[in-house]
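Chemist: Throw the hints in and build the complete structure from the sequences for me.
If you read the sequence shown in the numbering used here, its first letter stands for residue 8, the second for the next number, and so on.
Zero decoy hints are in this set.
Straight-line C-alpha distance at most 16 Å; calculated EDC-like pairs for lysine to aspartate or glutamate: (1) Lys92 x Asp35; (2) Lys26 x Asp53; (3) Lys26 x Glu63; (4) Lys17 x Asp30; (5) Lys54 x Asp43; (6) Lys58 x Glu41; (7) Lys17 x Asp35; (8) Lys92 x Glu14; (9) Lys54 x Glu41; (10) Lys26 x Glu55.
So the derived label-pair ranges between C-beta atoms look like this: (11) Trp59 x Arg19: 12 to 20 Å; (12) Gly80 x Glu55: 29 to 37 Å; (13) Gly81 x Gln21: 17 to 25 Å; (14) Gly88 x Arg19: 19 to 27 Å.
FYI, nobody ran anything at the bench for these hints, they're computed from the structure. From the three backbone atoms N, C-alpha and C, an ideal C-beta is built for every residue, glycine too.
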Amino acid sequence: MRSKQIEGLKFRRQEPVGKYIVDFVCFDRKVVIEVDGGQHAEEGADKERDKWLNKEGFQVLRFWNNEVLLNPGGVLEVIRGNCLKSPSPQSPPIPKRVAAKGRFDKGGENRGRFHTKV
8 MRSKQIEGLK FRRQEPVGKY IVDFVCFDRK VVIEVDGGQH AEEGADKERD
58 KWLNKEGFQV LRFWNNEVLL NPGGVLEVIR GNCLKSPSPQ SPPIPKRVAA
108 KGRFDKGGEN RGRFHTKV
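Modeler: What follows is the structure in structure tokens.
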């Protein structure tokens, strides 16, 4: 996501958004990207964080570390697709979840966490 390689959009890394520090954010499209590893097995804090970000109009895309490492092209395609359909700042806030590009597994392998499907 360096050098505006996704449709010319600028992503900032480790940026404060409210009381949270997100992995990546594009303020122009109100998209937050989180890359999660094993330290994110505790889902409660992530759910609360996502809920707050969604309420503020941000779409949150979550990827596992191994998805980014093993399929970077696929991850970039998912991000690109979501950024293209995300509203500009002049548009009304986006819906809380975009189910078409992700899954919510209520207790299976992702322990009830929402992650974007690559």
